[in-house]
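Model the placement of chain B on the given structure of chain A, informed by the hints.
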Amino acid sequence: MTEMAQVTETAATAEAQNSAPPIQVKTLRKSFGEQKVLDGIDFEVEAGQTLSVLGQSGTGKSVLLKIIIGLQKADSGSVLIHSQEITGLSSEHLNEIRKKIGFLFQNSALYDSLTVEENVAFPLERHSKMPEAEREKRVRELLSTVGMEKDLEKLPAQISGGMQKRVGLARALALSPDILLFDEPTAGLDPITASEIDDLIRKLQQERKITSIVVTHDLPSARAVSDRLALMRNGRILAQGTFEELQESKDDFVVQFLNRTR
Amino acid sequence: MVRFFEWFGELGSFSFQLLRSVFLPPYEGGEFAHQLDELGAKSLPLVALAGAAMGVVLSLETHDSLVRFGAKSLLPALLVVSIIKESGPIITGLIVSGRVAAGVGAELGAMKVTEQIDAMEASAVNPYKYLAGTRIVACILMFPLLTLVADFCGILFGWLTNSLTEHISLRLFIENGFKNVTFNDFLPPTFKTAVFGLIIGMIACFQGMRAHGGTEGVERAATNSVVVASLFIILADVLLVRLIQVFFP
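In the order they appear, the protein sequences are chains A and B. Quick note, the first sequence lines up with residues 2 to 263 if you use the working numbering. Quick note, the second sequence lines up with residues 1042 to 1290 if you use the working numbering.
Watch out, some of these pointers could steer you wrong.
Cβ pair distances, simulated, as ranges [said to hold, decoys possible]:
1) B:GLY1050 x A:SER114: 23 to 33 Å
2) B:SER1056 x A:MET131: 32 to 42 Å
3) A:PHE33 x B:PHE1057: 19 to 29 Å
4) B:GLN1286 x A:GLU133: 20 to 30 Å
The hints are simulated quantities; they were obtained by calculation from the structure and are not laboratory data. Predicted model only: the values in this text are computed from it and were never measured. Glycine included, each C-beta is placed from N, C-alpha and C at the ideal position.
If we strip away everything but chain A, and leave its shape as in the complex, we get:
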């Protein structure tokens, strides 16, 4: 191959990578023993868009997120992040991908022996070469974004569930990710706090153009934060589209799910 042809091919590959959706999941399967949790999941999330994955409890929604960030291994199938296959990557390469992804855990998963400020600083201390003063400023900015700038010295046990979610979100944003994964962001919160978290997620998406997946069974929350919805059942995506498109579905389960949780 000539040098010119090589350059053209490299440029074409780079262009394809830029235009490809940042998250692509193809025929993903995962079982625990005899129990099939994911049975051929397919979807894509376009840049800057938010997909909410809905479904009953125990349908493998959280497992799906954990496979996308490499915390669990899929039995088969493919997960592409910015066109890079992540299943089968070594932990060193996977860590490079993880730096571009923020993850908000269901119970926030804040480090309980560290203060609010230390929790948010934790990824920055390890992955950025910022001087300490600049790092402190960045942590305060992040906490200010989520409305938690007054509780820097508190331990996670000293703040409410909603506040823990906010701190978890600030920590997820610490490395300026271009992808955010939310695992039940409003679970266990009262409707007002849940609505505040939804507003916060929406605000961040609009300001930062972050591509997101939200796993939830809270339909009002999913409607508030998503561009598209995907409904899971028996390890598969039963239906996906905008809320309006799903409303037109004739499938009994989709109708029942939307009516029950509305």
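Quick look at chain B alone, frame taken from chain A:
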């Protein structure tokens, strides 16, 4: 039986992950210093107390026996040799195993079941290096030092106890006690406790990081850490005593 082999398989995989990560930069200096304090310095009072109790008991028991055989002048030597060669290291190993293995097993177990370890991995931080590596290396370094403390307190309180029945100066007691002690009597048994540290750190981190099943899982991780670590320490001691006899006669 299958579970038994599975356990060893998982321990092997854990050790491999640990070895792959612990020697490569970046190093977690801050967390390592914190663990030196947490696992080592904070075990000092416990070790000193256990060492003192060991000295008192050994002094009381051997004094009566030696008097019966008319060999009470041998008490300092017997006390010193028995403490530095075996009692000090094994008491330190078992006492600190109770404190450290239970603490680390419960701490990492709680972090595992509340997804804090997953959160660490999701932040591209290697938990084998940050959580396990720092604790295990701290245990390896601190155990010989803690053993020295136990030895010192044991000999000191052994002398004090002996002094209650018949006066002997500390200087004379130490001179008589260490008269025939060589480096081979002192260094290998003290440094073998680094192996105890390795065992305790490895088992506790391993049990903690594989915990599952909520509060019960944490309790199981803590209990198993202490039981398995103590058992392995006793087994390792048998092997190490024999090896020391062969290589440091």
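Hints, verified against the model:
no.	hint	result
1	B:GLY1050 x A:SER114: 23 to 33 Å	holds (31 Å)
2	B:SER1056 x A:MET131: 32 to 42 Å	holds (35 Å)
3	A:PHE33 x B:PHE1057: 19 to 29 Å	holds (24 Å)
4	B:GLN1286 x A:GLU133: 20 to 30 Å	violated (53 Å)
Checked against the numbered hints above, the structure breaks only hint 4 and satisfies the rest.
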